[in-house]
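Participant: Chains P and B supply the protein sequences, listed in that same order.
Mapping of the first sequence onto the UniProt record's numbering: position 142 corresponds to residue 142, and the numbering continues sequentially without gaps.
Mapping of the second sequence onto the UniProt record's numbering: position 230 corresponds to residue 230, and the numbering continues sequentially without gaps.
Watch out, some of these pointers could steer you wrong.
The list cannot tell twin chains apart, which means a pair is met if one copy fits it or any two copies do.
[Said to hold, decoys possible] Under the rule of at most 25 Å between Cα atoms (straight-line distance), these lysine to any residue pairs were calculated in the SDA-like manner: (1) LYS98 / HIS471; (2) LYS469 / GLY115; (3) LYS145 / ASP133; (4) LYS182 / ILE519; (5) LYS419 / ARG183; (6) LYS419 / GLN472; (7) LYS431 / GLY185; (8) LYS523 / TYR412; (9) LYS209 / ASP240; (10) LYS209 / VAL73; (11) LYS97 / HIS406; (12) LYS525 / GLN117; (13) LYS90 / SER424; (14) LYS523 / ASP462; (15) LYS417 / GLU428; (16) LYS145 / LEU135; (17) LYS444 / GLU89; (18) LYS209 / ARG57; (19) LYS331 / LYS463; (20) LYS90 / THR377; (21) LYS516 / SER154.
Just so you know, these hints were derived from the structure itself, not from any lab.
If you want the building blocks of each chain, they are given just below.
2 protein chains.
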Amino acid sequence: MAGVSVIQMFGRRVSWRGGCEWHRHSRNGQRRMAVSGQSPYCSAVESPAVQHAGRSRRKILTLQSMNPQVRAVEYAVRGPIVLKAGEIEKELQNGVKKPFDEVIKANIGDAHAMGQQPITFLRQVVALCTYPDLLDNPSLPNDAKRRARRILESCGGQSLGSYSASQGVNCIREDVAKFIEKRDGGVPAHPDNIYLTTGASDGISSILKILVSGEGQSRTGVMIPIPQYPLYSAALSELDAIQVNYYLDEENCWALDVRELQRAYYSAREYCNPKVLCIINPGNPTGQVQSKHCIEEVIHFALEEGLFLLADEVYQDNIYSKSCQFHSFKKVLYEMGPEYFNNVELASFHSTSKGYMGECGYRGGYMEVVNLHPDITAQLVKLLSVRLCPPVSGQAAMDVVVNPPHPGEESYEQFIKEKEAILSNLAEKAKLTEELFNQVPGIKCNPLQGAMYAFPRIFIPDKAIEKSKEHQMAPDMYYCMRLLEETGICVVPGSGFGQKEGTHHFRMTILPPVEKLKILLQKVKDFHMRFLEDYA
Amino acid sequence: MAGVSVIQMFGRRVSWRGGCEWHRHSRNGQRRMAVSGQSPYCSAVESPAVQHAGRSRRKILTLQSMNPQVRAVEYAVRGPIVLKAGEIEKELQNGVKKPFDEVIKANIGDAHAMGQQPITFLRQVVALCTYPDLLDNPSLPNDAKRRARRILESCGGQSLGSYSASQGVNCIREDVAKFIEKRDGGVPAHPDNIYLTTGASDGISSILKILVSGEGQSRTGVMIPIPQYPLYSAALSELDAIQVNYYLDEENCWALDVRELQRAYYSAREYCNPKVLCIINPGNPTGQVQSKHCIEEVIHFALEEGLFLLADEVYQDNIYSKSCQFHSFKKVLYEMGPEYFNNVELASFHSTSKGYMGECGYRGGYMEVVNLHPDITAQLVKLLSVRLCPPVSGQAAMDVVVNPPHPGEESYEQFIKEKEAILSNLAEKAKLTEELFNQVPGIKCNPLQGAMYAFPRIFIPDKAIEKSKEHQMAPDMYYCMRLLEETGICVVPGSGFGQKEGTHHFRMTILPPVEKLKILLQKVKDFHMRFLEDYA
């Protein structure tokens, strides 16, 4: 029975453990958090001898013997709270009574899972590429067939089943370059600088992998916003790079202040070699949209201090505030003149997963590089070639995103109607969420200018903070666990993204349909009022 | 013009550089090859100051400043010879006269690119999942529709565009488990132990990432066959793990001899902690199929020495010799009794890319784990969750591979016909290739028992070896470059896979259509005879 008890212990640990990790994280400030020996896993459990027929043997691969950098990785968006949500869903299926009928997963930006319908044209093109017999089928539109034929002609053996070049299918990279040129008002883009990727995460991880080097005080430091999207902290942990935090200004709609960049940079130079600066615009989880002036300041700073820029622009289509506009780093860089455009090294990222498409499952994306040293281009292609190529159907989906129906084509009107319905619906939900949260005492929510999340600040009473310590959880993890257990709503604690010491938040997507979102927000409000009362 | 000259230098280096790298590799024997400072890149080029309008600035990301572990990565299957092939293709397109009309890329196992047609049923199911409006289309068969409905019901929002669980879509993991049980004559398989992956490469890299730890003499050693598929050496280089080579026995049809495993293991213990043993069965590039007895010996050795087993079984459907049969490591492990089945830690891999499907572009695959510690299960899920999920359309393709039409279903006959035509055609080409190579003086080719490659040994005269040294290339790289330049045939030098000191080989796929393959083999023969004459 030894095996079973280990699994049970483990089950419990999953629930409680995240708390300690994130708690430590939020106290740690400047440097990367988890250090191998400190893991609550390690102190809690000895590598169990396996008891079975025959001799008992120790496992080869255990928490003690595994890669400590992987052990240190945390990824809150699919972390302990989501595992708990899965457990509760199973209980509901097995007839366990709860104060709710379903778990609502507002933890992840997964539009289709929340009922958003795919863009018809995109799916038609990909289906035609998948099963080219459909090219003779009169029920599918000719513009979709033209797109599909063009993609297939650029594939080996005219099949999505062939490997593409590691950098991606040629004609799709051409389309991406044209899309960027158009988006950026004519700033030149070249297919050679486009790399199709397995979602944006893959591009970000790949370029970070190349960038990280050095030992001790020379170890590469990577500046990331706090709050951040935890792909960054996870990738840096895997790579054993130094995470250098710069804080976004919550009092000022989560704006990026270049003085804070300077503070973070100069203090980091005392213990590492900061050489990469990551920007997420529009912000995730914070939803701010950067002004052109702010981007100029960031670029100037990067040039002055010799920082390689990573611009995560996957939410570029998700702008809701009338006063805001998306400016790509590439375009601003160009407009700042040759001193900047010929020198600053930049990689920017886009994806099929967000925007109005929401095609997360296709794992499509691209990276554009600017001013990459030609030697590094070769190194990047070599690194990517080990994984052979990004999924070709995801590349085809990316092609439709960058080359949608044009005015005059037969699918144009339906495409525009679908796209605008989704985006205006998201804008409505962004406004609704902000307004409703700000009506709750003890919750304060900045405007959702863009992206697809609210990241409200929540007041947690001292007594609740004490209670959370008893459970060895970060206070906002405790809050979110109680929210989940009492309402079935799954959101991610702010500590999973990082936040200023002493502040607490959670991230919630605005993707549920409007009527459901209203109920959800009302439930959060009721829960919050009860929580305040319970711990008054 | 500084920029241009750098690019030109670079262009030349691409062609010649691989040679030095592979040359060093083949001389290095036991330990991993490339060491940062030794790269011919580093000595050849200084990080160029960028000359532009305004100040000139040094690049941040250069060969000197980049991650040295990534710099050390080599991947021959898409390496310098393939870049050269691309250059030649462009020259042909631009009207440059060559002694041939087209480049034949026999470097990579990319079946559809060589004209193999997709399995109809597989594409129908994936197209139906992609564009569910087709479920109403009478031209598609009902069994394909049933499969598609079942997959969609297991997807969030019934859409391939939703993220799946990081471990993969539930019902597909169930189908994989059933497939394995059936394949292995009833040996139990559980969906919880199945992880869907982005091709097999992704699964192999992920589990290696978790396995590698320690410093200095305690650094993890990973035993791999030589010749190997270079994903392994590349992944180990990225992870800075110690590559421990064991040599397959060319004189004995590339068999694995357990005494050689012992030799490699005990000598590796002097400088690292060998704890992982990788097996490729059927072999890539070597094409041998392991006997059950041999697998038993390997498993016994792994238990005795405490080694974690990785079994790369992506060619399990590609068995051509009548005297050979595929035995999965999992099944043999089970049949060896509880002492083994309850203790040996094993991960095995399969893929949509090979077999009779050849669906490389979908990046579908799975990993099955046996005896993984429950703590490690959680760590693995966490690590995979950072990349969110494997491409869901690739998962759907995997589902068809493990759950093809059953007897009595309307698509069954066509499916069987397509599958058997492809496999018998491959068997014919395997035999043809072996026979024709063995008719050429100075070429010796083992039987192609399985997989999809020939890996013939080639005699290279001393004068040619001297010539290759002048070009700073490994002798077989020089041979393959000349073959490419004179015939347009692109194959990969044996030095890219590893080989015994003083021996030379190349890897060639048997995927071109029979008539084209015959011409290709005749061209290789003619080239080889000329080559022997030229350097007599």
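Participant: Work down the list of hints and note, for each, if the structure agrees.
Facilitator: Verification of the supplied hints:
Within a single copy, LYS98 and HIS471 get their C-alpha atoms as close as 22 Å, which meets the 25 Å cut-off; across copies the closest is 74 Å, which misses it. Taking CA atoms no more than 25 Å apart as the test, LYS469 paired with GLY115 passes in neither setting, with 38 Å inside one copy and 63 Å between copies. With identical chains, the CA atoms of LYS145 and ASP133 are at most 25 Å apart both within one copy (11 Å) and between copies (16 Å). For the homomeric pair LYS182 and ILE519, neither the shortest alpha-carbon distance inside one copy (41 Å) nor that between copies (47 Å) is at most 25 Å.
Taking identical chains as interchangeable, the C-alpha atoms of LYS419 and ARG183 lie at most 25 Å apart only when both belong to the same chain, with a minimum of 17 Å there against 46 Å between chains. Proximity of LYS419 and GLN472 under a CA criterion of 25 Å is satisfied in neither setting, with 45 Å inside one chain copy and 56 Å between copies. Taking the shortest Cα distances, LYS431 and GLY185 never come within 25 Å of each other, neither inside one copy (30 Å) nor across copies (59 Å). Taking the shortest Cα distances, LYS523 and TYR412 never come within 25 Å of each other, neither inside one copy (40 Å) nor across copies (52 Å).
For the identical chains of this complex, LYS209 and ASP240 are neighbours both inside a copy (10 Å) and across copies (13 Å), given an alpha-carbon limit of 25 Å. Taking the closest pair of Cα atoms, LYS209 and VAL73 come within 25 Å of each other both inside a single copy (15 Å) and across two copies (12 Å). Taking CA atoms no more than 25 Å apart as the test, LYS97 paired with HIS406 passes in neither setting, with 52 Å inside one copy and 41 Å between copies. In this homomeric assembly, LYS525 and GLN117 never come within 25 Å of each other (Cα to Cα): the closest approach is 29 Å inside a single copy and 57 Å across copies.
Taking the closest pair of Cα atoms, LYS90 and SER424 never come within 25 Å of each other, the shortest separation being 35 Å inside a single copy and 47 Å across copies. In the homo-oligomer, the alpha carbons of LYS523 and ASP462 lie at most 25 Å apart inside one protomer (23 Å), although the nearest pairing across protomers, at 81 Å, exceeds that limit. In the homo-oligomer, the alpha carbons of LYS417 and GLU428 lie at most 25 Å apart inside one protomer (16 Å), although the nearest pairing across protomers, at 54 Å, exceeds that limit. Proximity of LYS145 to LEU135 under the C-alpha cut-off of 25 Å is found in both arrangements, the shortest distances being 6 Å within a copy and 19 Å between copies.
In this assembly of identical chains, the alpha carbons of LYS444 and GLU89 never lie at most 25 Å apart, being 30 Å within a copy and 61 Å across copies at closest. For the identical chains of this complex, LYS209 and ARG57 are inter-copy neighbours only, at 23 Å across copies versus 36 Å inside a copy, given an alpha-carbon limit of 25 Å. Within a single copy, LYS331 and LYS463 get their C-alpha atoms no closer than 50 Å, and across copies no closer than 56 Å, so neither meets the 25 Å cut-off. In this assembly of identical chains, the alpha carbons of LYS90 and THR377 lie at most 25 Å apart only when taken from different copies (19 Å versus 48 Å within one copy).
Proximity of LYS516 and SER154 under a CA criterion of 25 Å is satisfied inter-copy only: 22 Å between copies versus 44 Å inside one chain copy.
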